[in-house]
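Throw the hints in and build the complete structure from the sequences for me.
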Amino acid sequence: MNGAWTSRKLAIVGAGVMGAGIATLAVGHGVPVLLLDIHEERLRQARDAVRRELGFARLMGKLPKGATGQLTLSTSYDDLRDADAVIEAVTETTDAKAKALAEICAAVAPGTLITSNTSAIPVDELAGRTTRPQDVVGTHFMNPPYLIRAVEVVRGPRTGDAAMAALRSLLAALDREEVLVGDGPGFVSNRILMRVINDAARLVEEGRASAEAVDQVFTGCFGHPTGPLATADLIGLDNVVDTLRVLHDRTKDDGYLACDLLVEKVRSGDHGRKTGKGFHIYGGTSA
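Numbering-wise, the working numbering comes out as the position in the sequence shown, counting from 1, plus 108.
These aren't lab readings, by the way, just hints derived from the structure by calculation.
These figures come from a predicted structure and were not determined experimentally.
Dumping the calculated DSBU-like pairs for lysine-lysine here, alpha-carbon to alpha-carbon at most 35 Å:
1. 382 <-> 207
2. 382 <-> 173
3. 170 <-> 382
Across the chosen pairs, the derived CB separations fall in these ranges:
4. 273 <-> 376: 40 to 48 Å
5. 372 <-> 325: 21 to 29 Å
6. 368 <-> 183: 32 to 40 Å
7. 376 <-> 333: 24 to 32 Å
Glycine included, every Cβ here is placed at the ideal spot set by N, Cα and C.
And the structure:
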């Protein structure tokens, strides 16, 4: 499968943390990637991130040391015309994703695989904003995608068999493991995880325990590799709040109403690992 994809082109729309991470995974397996973003500076940062993360992943033995796929940068949707598959990885808001998916549909040929890398927005809701819902599949790559093999795959009610077959071919080329789940807000992963993170943050807000203690309960008592607040820092607290908003809007369940401490940390710019500080300070810890 991988041999076939080394002569095809994967396009990724959105050069943020996830877009750059998926690009790293793909070029690390020899797949040519077109990385598109409307912001040139974000593209430059992503190019540097791919180079850095590719070296790290290969040093850790998480990516093969063979040929590297070519990485091409673009700010124009017109350059998607010859893409064999497109992964949308823009900001986790319905409007941003719907706008990107509409641009993608206008640029690529009918039957081209279009995946939305979404962590919470129902796939059929997004597919319904396109002209070709049968070509749209949901993928939820975990961060960082070159270290975590499992991918939560969401088949919407209108997703076609051809799109699913194309996605499975791509995932095989990327050496990723499909976990197929049904459509709905948050799917499986974030329907569970976001409530846990929100409740963990509330415990810190109430003064019940420090962020370090909350995470130690999960790592020391439950045997989890990381605690919920360290996980939130890795995801990005801004992304956590966005995802909670999606879940609350669609389920009306107040368990997904972001607690004040999460909102305040985002407002203060403490977004987690990517800013150096969230619930933990990287190089130390803080509640």
